[in-house]
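Q: For the sequence shown, the numbering used here gives the first residue as 509, with consecutive numbering after it.
These aren't lab readings, by the way, just hints derived from the structure by calculation.
Because the structure is a prediction, the values reported are computed rather than measured.
Here a beta-carbon is modelled for each residue, glycine too, at the ideal position from N, C-alpha and C.
There may be inaccurate statements among the hints.
[What the hints assert, rightly or not] Derived CB-CB ranges, DEER-like: (1) Leu548 - Ile524: 18 to 26 Å; (2) Ile526 - Leu546: 15 to 23 Å; (3) Met520 - Leu555: 14 to 22 Å; (4) Lys519 - Arg543: 30 to 38 Å; (5) Lys522 - Gly552: 28 to 36 Å; (6) Met520 - Phe544: 27 to 35 Å; (7) Lys519 - Phe544: 33 to 41 Å.
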Amino acid sequence: MKGFRYCHKTKMEKIIGISLGVIGFLIVINVMPVRFLLLLIGIGLLLMGTLIFMK
509 MKGFRYCHKT KMEKIIGISL GVIGFLIVIN VMPVRFLLLL IGIGLLLMGT
559 LIFMK
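Please put together the full structure from these sequences, using the hints given.
A: Right, here's the structure in full:
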């Protein structure tokens, strides 16, 4: 049972990581001419998504 819960947690973390990475990537692409602050937020979300996904 513990293995199943661990697997479920890992799967959920990967889904969260992928979604954060996609949101960050979309913000980085759409924000290029708009504002530098949103660009930094997008890069931060992209990094958080990749770190959670790789974990």
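Q: Taking the numbered hints from earlier one at a time, note which ones the structure violates and give those numbers from smallest to largest.
A: Hint check: 5 fails alone, others pass.
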